[in-house]
Each structure stands twice: as C-alpha cells, then as structure tokens.
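Here the structure of chain A is known, so what remains is to put chain B in place on it, guided by the hints.
First to last, the protein sequences are chains A and B. What the first sequence shows, in this note's numbering, is residues 46 to 131, in sequence order. What the second sequence shows, in this note's numbering, is residues 6 to 241, in sequence order.
Think of the hints as simulated: they come from the structure by calculation, not from any bench. Quick reminder that beta carbons are idealized off the backbone N, C-alpha and C, glycines included. Keep in mind that the hints are not guaranteed to be accurate.
[To be verified] Stretches of chain A that chain B covers, calculated by requiring three or more beta carbons in the stretch to come under 8 Å of a beta carbon on chain B:
1) 65-77
2) 80-93
3) 108-118
4) 123-129
[To be verified] Okay, derived cross-link-like pairs now, DSS-like style, lysine-lysine, Cα gap no bigger than 27 Å in a straight line:
5) Lys66(B) x Lys54(B)
6) Lys168(B) x Lys51(B)
7) Lys123(B) x Lys73(A)
8) Lys123(B) x Lys144(B)
9) Lys66(B) x Lys174(B)
10) Lys66(B) x Lys235(B)
11) Lys110(A) x Lys144(B)
12) Lys177(B) x Lys110(A)
13) Lys66(B) x Lys110(A)
14) Lys51(B) x Lys177(B)
15) Lys177(B) x Lys66(B)
16) Lys66(B) x Lys144(B)
[What the hints assert, rightly or not] Here are the computed distance ranges between Cβ atoms for each label pair:
17) Leu125(A) x Phe114(B): 23 to 31 Å
18) Asn194(B) x Cys75(A): 43 to 51 Å
19) Gly118(A) x Gly187(B): 38 to 46 Å
20) Phe114(A) x Asn121(B): 45 to 53 Å
21) Thr185(B) x Leu125(A): 47 to 55 Å
22) Lys51(B) x Ile91(A): 37 to 45 Å
23) Leu100(B) x Cys75(A): 21 to 29 Å
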Amino acid sequence: MLWQTVISPNASSIVAPEVSVFLLWFIKWCLIVLAIFYVAFSGVVIRQIQIMRQTLVTSFSPVLKILGFAHFGFALFVLLIFFSIL
Amino acid sequence: MPDIFVAKDNQPAVETASQPMPQVERVRVVHKHRRREIDDYSSVMKLEKPSSNPLSWFLPKPIRMGFSTQSAGESIILLLRQHPVTQIPWLLTVLLASLIPAIFSPLQFMGFLPANFKMAVYLGWYLMVIGFTLESFLKWFFNVYIITDERIIDVDFISLIYKNISAAKIDKIEDTTATTGGFLASIFNYGTVTIQTAAEQREFEFERVPQPNKVITLINELILEEEREKVEGRVM
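Next comes chain A alone, as it looks inside the complex:
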C-alpha cells in the first residue's frame, strides 16, 4: 500500500520502530495543534453558553454552565496528555 511505502519504504512489515522520526514528529505536532484549537473552541462554547443563558433563562442553565466548563477542562486535560505522552 502507498502509505506503508511512505512510512517505511524498505520495510517488509509495519512495526513502530521503523516509522520515520519525521513522520512521528509531524503527527505529534498535528495532534497538539488540533488540541490547542480545540481548547479555544471549548472556550467559545463556554462564552456561547453564557450568552444563551441570558437569552433564554431556564432552571437547566446552571447544568449547561457546568457542562461547558467540564468540556473545557477535558479539552485542557487532553492537551496536557498530548504534551506528556507524545
């Protein structure tokens, strides 16, 4: 397959140590950049929940606020995980 050839052109089998360092470095930074964007997105979600809570006032709004912050926290956690394990 083409992607196998790109990753390790001389390998007969696909194993992790044979993956080129450059490709891993590229994947790592792609994931980290995506995670950074995702943290920003989850921040926008929090802001949007705040605005919509003012637009429509319900007894469920505090739960949504907590959900928004939990989502933001999880996104931050994933970003930190990416930094530590990759």
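Same frame as chain A, but now just chain B:
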C-alpha cells in the same frame, strides 16, 4: 336697515388675551380592566398543565422560565423546541462515531503508530465526539419558539458564533399555516408552523414543532383576544 350699519353688532365675539374663551377640559378616561388569564379564553391552554421540565419540547405555561427581551407583565404561554424525533440523525452520528474506534482498531489502520500515539488519536477522537454532542444539544436546547400573550418570538441558535432573535406582535399576524409531511411527522404529530406577519420580518417558521394544530389554534385564539382587547379598550 342696511347690513353695513348693523354688521358690527352681528359679528361673533372675538377671543382676546384678556378674555379667553372658556375651554372644555378633555378628560381621558383610562379603563384599567384586569388582563384576562390565558385559561379564560384559550381552549387549548385550558387543558394543558403548567410545565416545569426545562428539557421538554412542548412547554405550556412554563414555570421558572424567561427570555432576555421579556417585558414586565408579559408571560410565556407556550415554549416550543423541535420534536426529539428530528434529532435522531445527530444522535445516530454520535453513536456511530463512538463505535468507530472499536470497529476499526482490529483492522490495524494505525498499526504503524506507537501505542502512545494510538491512545492520543483515540482521545482526540472522543473529545471531538463529545464536542459535537454538546454543540448539537445546545443547538436543540436554545433553538426555541416562544409564544407570549403579546408576541411570537423565534430564537435561532444557528451556530456557536451566530444567533438570531426575531419577534412580532400578535396583532401583526396575518396568516398561519401548519404543514405536516412525511411518515415520521404523521406518526409523532410534528410539523412546521408558518406565520405570515405585517411586521418587519414577514414570515416566521416554527420548524418541526410538536402538535402544530394546537399551536395554530392557540395563535388564532390569541389574535381574537387581542382584537377583543382593542374593542373593549383594555389597557395592557
């Protein structure tokens, strides 16, 4: 005697500053009748119990609910969301997306990656699934149609960075139409209510809301009540 000699006597009295004409005081009588409750004139709402469930899609006389542009004395009569059946596509997408790692992991699509990279990809994937779920839920939750005793309001939560709120007074409503089409819509009794108005926004669409016939009946009753208020001179 010729008029020329008596014309001065026949002239009407001219108002002068020193002798002002007696003025008639116009007293504006304001009839302050008590505003009628919705149950007094609506056959639809008379049968409905007040709803306190904020997650419902058909909330008659909702308790502990309000909106930003609500004026003093204005009360919400009906709050609508899209019928939950219409949310099945994104729910299925979430279910399918959650299963994708489990389905594809035996196929070794990422066999060339070290274990920590695989874990990172899975974590990222599930994070995006959670984000999609939250966003879809928020869109459903905040995309509401509100009928008050004064206005109809359409709150469109189109995306995370764009929202649109339109309102029209009840007395500006000209025409209402309920459209129910399709297999699921007939079974679960939901449809689109189209409201033509003489307001700035000419058309309101309450998309895929439950019990469209009830909504139409309620709006017609509100229009009648509004006209009755005008005839009786009731003050809002």
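Right, here's what the structure says about each hint:
{"no.": "1", "hint": "65-77", "result": "holds (count 4)"}
{"no.": "2", "hint": "80-93", "result": "holds (count 7)"}
{"no.": "3", "hint": "108-118", "result": "holds (count 4)"}
{"no.": "4", "hint": "123-129", "result": "holds (count 3)"}
{"no.": "5", "hint": "Lys66(B) x Lys54(B)", "result": "holds (7 Å)"}
{"no.": "6", "hint": "Lys168(B) x Lys51(B)", "result": "violated (33 Å)"}
{"no.": "7", "hint": "Lys123(B) x Lys73(A)", "result": "holds (11 Å)"}
{"no.": "8", "hint": "Lys123(B) x Lys144(B)", "result": "violated (32 Å)"}
{"no.": "9", "hint": "Lys66(B) x Lys174(B)", "result": "holds (19 Å)"}
{"no.": "10", "hint": "Lys66(B) x Lys235(B)", "result": "holds (24 Å)"}
{"no.": "11", "hint": "Lys110(A) x Lys144(B)", "result": "holds (15 Å)"}
{"no.": "12", "hint": "Lys177(B) x Lys110(A)", "result": "violated (37 Å)"}
{"no.": "13", "hint": "Lys66(B) x Lys110(A)", "result": "holds (25 Å)"}
{"no.": "14", "hint": "Lys51(B) x Lys177(B)", "result": "holds (24 Å)"}
{"no.": "15", "hint": "Lys177(B) x Lys66(B)", "result": "holds (22 Å)"}
{"no.": "16", "hint": "Lys66(B) x Lys144(B)", "result": "holds (22 Å)"}
{"no.": "17", "hint": "Leu125(A) x Phe114(B): 23 to 31 Å", "result": "holds (26 Å)"}
{"no.": "18", "hint": "Asn194(B) x Cys75(A): 43 to 51 Å", "result": "holds (48 Å)"}
{"no.": "19", "hint": "Gly118(A) x Gly187(B): 38 to 46 Å", "result": "holds (41 Å)"}
{"no.": "20", "hint": "Phe114(A) x Asn121(B): 45 to 53 Å", "result": "violated (28 Å)"}
{"no.": "21", "hint": "Thr185(B) x Leu125(A): 47 to 55 Å", "result": "holds (50 Å)"}
{"no.": "22", "hint": "Lys51(B) x Ile91(A): 37 to 45 Å", "result": "holds (42 Å)"}
{"no.": "23", "hint": "Leu100(B) x Cys75(A): 21 to 29 Å", "result": "holds (27 Å)"}
The structure fails hints 6, 8, 12 and 20 (numbered hints given earlier, in ascending order).
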